Amino acid sequence: MEHTHTEKHEGGGTKEIWKVTLILTVLTIVELALGFWMMGMPLDSSLRLAVKGAIVILMMVKAFYIVAYFMHLKHEIKNLIMTIVVPLALFVWFIIAFLYDGNSFKNLRNTYDPHYKEQSTIKVEKKEEHKSEEHHSEEHAKPTEEKH
Amino acid sequence: MSSTTTVTPTKMWNGGKSPFNVEYGKLMMWYFLMSDAFTFGAFLISYGTIRFSSNGWPDPNEVFKSFPFAPEGMNAPLVFVSVMTFILIISSVTMVLAVHAGHNMDKKGVVKYMIMTIIGGAMFLGCQAWEWNHLHHEGAWWGSNPFLNHDGTASSTNFTNYFFTITGFHGFHVFSGVIINIIMLIMTLTDKFEQRGHYLMIEKAGLYWHFVDLVWVFVFTCFYLI
Numbered sequence: 001m002e003h004t005h006t007e008k009h010e011g012g013g014t015k016e017i018w019k020v021t022l023i024l025t026v027l028t029i030v031e032l033a034l035g036f037w038m039m040g041m042p043l044d045s046s047l048r049l050a051v052k053g054a055i056v057i058l059m060m061v062k063a064f065y066i067v068a069y070f071m072h073l074k075h076e077i078k079n080l081i082m083t084i085v086v087p088l089a090l091f092v093w094f095i096i097a098f099l100y101d102g103n104s105f106k107n108l109r110n111t112y113d114p115h116y117k118e119q120s121t122i123k124v125e126k127k128e129e130h131k132s133e134e135h136h137s138e139e140h141a142k143p144t145e146e147k148h
Numbered sequence: 149m150s151s152t153t154t155v156t157p158t159k160m161w162n163g164g165k166s167p168f169n170v171e172y173g174k175l176m177m178w179y180f181l182m183s184d185a186f187t188f189g190a191f192l193i194s195y196g197t198i199r200f201s202s203n204g205w206p207d208p209n210e211v212f213k214s215f216p217f218a219p220e221g222m223n224a225p226l227v228f229v230s231v232m233t234f235i236l237i238i239s240s241v242t243m244v245l246a247v248h249a250g251h252n253m254d255k256k257g258v259v260k261y262m263i264m265t266i267i268g269g270a271m272f273l274g275c276q277a278w279e280w281n282h283l284h285h286e287g288a289w290w291g292s293n294p295f296l297n298h299d300g301t302a303s304s305t306n307f308t309n310y311f312f313t314i315t316g317f318h319g320f321h322v323f324s325g326v327i328i329n330i331i332m333l334i335m336t337l338t339d340k341f342e343q344r345g346h347y348l349m350i351e352k353a354g355l356y357w358h359f360v361d362l363v364w365v366f367v368f369t370c371f372y373l374i
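Chains as they are written, first to last, in this note's numbering: chain A, 1 to 148; chain B, 149 to 374.
Just so you know, these hints were derived from the structure itself, not from any lab.
Mixed in with the good hints, there may be bad ones.
[Claimed, not checked] Computed beta-carbon distance windows for the label pairs:
#  : chain 1 : residue 1 : chain 2 : residue 2 : range
1  : A       : Phe-36    : B       : Asp-299   : 29 to 37 Å
2  : A       : Met-82    : B       : His-298   : 39 to 47 Å
3  : A       : Asn-103   : B       : Val-259   : 50 to 58 Å
4  : B       : Asp-184   : A       : Thr-121   : 51 to 59 Å
5  : A       : Leu-99    : B       : Ser-183   : 32 to 40 Å
6  : B       : Thr-338   : A       : Phe-64    : 34 to 42 Å
7  : A       : Leu-99    : B       : Glu-286   : 36 to 44 Å
8  : B       : Arg-344   : A       : Leu-90    : 32 to 40 Å
9  : B       : Asn-281   : A       : Val-92    : 35 to 43 Å
10 : B       : Phe-317   : A       : Ile-77    : 28 to 36 Å
[Unchecked claim] Covered stretches of chain A (in silico footprint by chain B; criterion: 3 or more residues with CB under 8 Å from a CB of chain B, positions within the stretch not fixed):
#  : region
11 : 21-28
12 : 31-42
13 : 53-63
14 : 86-97
15 : 100-114
Predicted model, so just to flag it, every value in this text is computed and none were measured.
All residues carry an ideal CB built from backbone N, CA and C; glycine is no exception.
Isolated chain A, as found in the complex (with noise of 0.2 Å):
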């Protein structure tokens, strides 16, 4: 055990702490203020897409600066980082392939299933959504008939 002594910790002083922390307020705050943004605007725009790809960019810099700071693993040699960083690598392949599935499933679908696609254009009437109901609709939770 004699080597954890040896064990180097640069940085991570309190003062990188602060500093990471205000840094993580920051990119939250940012982030909701999106979330807000993005509340008006119509479902299928391209304004919309494109805060949902810019709050998923600031979702990974908040998961690099907790990994990197608060985890430490910026400040550990490089063997470790590498034995950590190299396998998650595959997530990127694992993130792509699924949710291109995903899509590709839906278009298949949409395409060759006419009834699917009748189906999930149908409106339902909005009896549940109104509060003066909603006693009622708790006293059966279970039964409502929701499954499509």
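Knowing the structure of chain A, use the given hints to seat chain B on it.
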């Protein structure tokens, strides 16, 4: 010149040196967290796949719009989940401060910051319990989805199934993290680490706790924001 630069890294693995320069337990914690990351990743990617394959999806701002003690029918989207997010970030910060105090062999500091971290974790769990209870009262549970899609069409139960499974799995991690932190606090108070001469266990518990915070960053974004 190039031979000297290629020789140095290979010597790292020739023995007599610690190639990762961390103790065994910390390295194993990293590997455990990596496997846990793949578990959560698989959950979230599965959620993404299903969402990408659906023609409609509920609007999170419609589903998560309430706040404890708020008047009936109040519309406050994103507010409650922001509170939860900040609670977890702050408890992560107090955890780093506990680890930092451990480096300086400052027992009082470790105790203080561990207590703050535990309180933060308990507050987060309380918030989640309230939210689950609230959604359950609205009729949402595994296999039952009272919410409509964004465009007013009928929604499938995929939304609630994924929401309760993934936030539940995360909440379970928070719960075990709080238990681990309580054990660390007891060990600190009984001078276990003073006798060992180091506070490395606090660092391992800290890694786990930060991972829980990290996962929440992804869950929060995937379910509440986009």
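Hints, verified against the model:
Taking the beta carbon of each, Phe-36 (chain A) and Asp-299 (chain B) are about 21 Å apart, not inside 29 to 37 Å as hinted. Judged by the Cβ atoms, the range 39 to 47 Å given for Met-82 (chain A) and His-298 (chain B) holds: they are separated by roughly 42 Å. Separation of Asn-103 (chain A) from Val-259 (chain B) is about 51 Å and conforms to the stated range, judged on CB atoms against 50 to 58 Å. In this structure the supplied range 51 to 59 Å is violated for Asp-184 (chain B) paired with Thr-121 (chain A), their Cβ-Cβ distance being about 40 Å.
About 22 Å separates the C-beta atoms of Leu-99 (chain A) and Ser-183 (chain B), a value inconsistent with the hinted range of 32 to 40 Å. Distance hint check for Thr-338 (chain B) and Phe-64 (chain A): the Cβ-Cβ separation is about 37 Å, which falls inside the suggested range of 34 to 42 Å. Between Leu-99 (chain A) and Glu-286 (chain B), the C-beta spacing of about 29 Å breaks the proposed range 36 to 44 Å. Distance hint check: the CB atoms of Arg-344 (chain B) and Leu-90 (chain A) are about 37 Å apart, consistent with the given range 32 to 40 Å.
In this structure the supplied range 35 to 43 Å holds for Asn-281 (chain B) paired with Val-92 (chain A), their Cβ-Cβ distance being about 38 Å. The hinted range of 28 to 36 Å is satisfied by Phe-317 (chain B) and Ile-77 (chain A), whose Cβ atoms lie roughly 32 Å apart. Counting residues of the region 21-28 of chain A whose beta carbon lies closer than 8 Å to any beta carbon of chain B gives 4, which reaches the threshold of three, so the coverage claim holds. Evaluation of the coverage hint for the region 31-42 of chain A: fulfilled, as 6 residues show C-beta separations to chain B shorter than 8 Å, against a requirement of three.
Requiring three or more residues with a Cβ within less than 8 Å of a Cβ of chain B, the coverage given for the region 53-63 of chain A holds, as 5 such residues are present. Given a C-beta distance limit of less than 8 Å, the hint that chain B covers the region 86-97 of chain A holds, as 5 residues qualify and 3 suffice. Counting residues of the region 100-114 of chain A whose CB lies closer than 8 Å to any CB of chain B gives 7, so the stated coverage by that chain holds, three being the minimum.
In summary, the numbered hints that this structure violates are 1, 4, 5 and 7.
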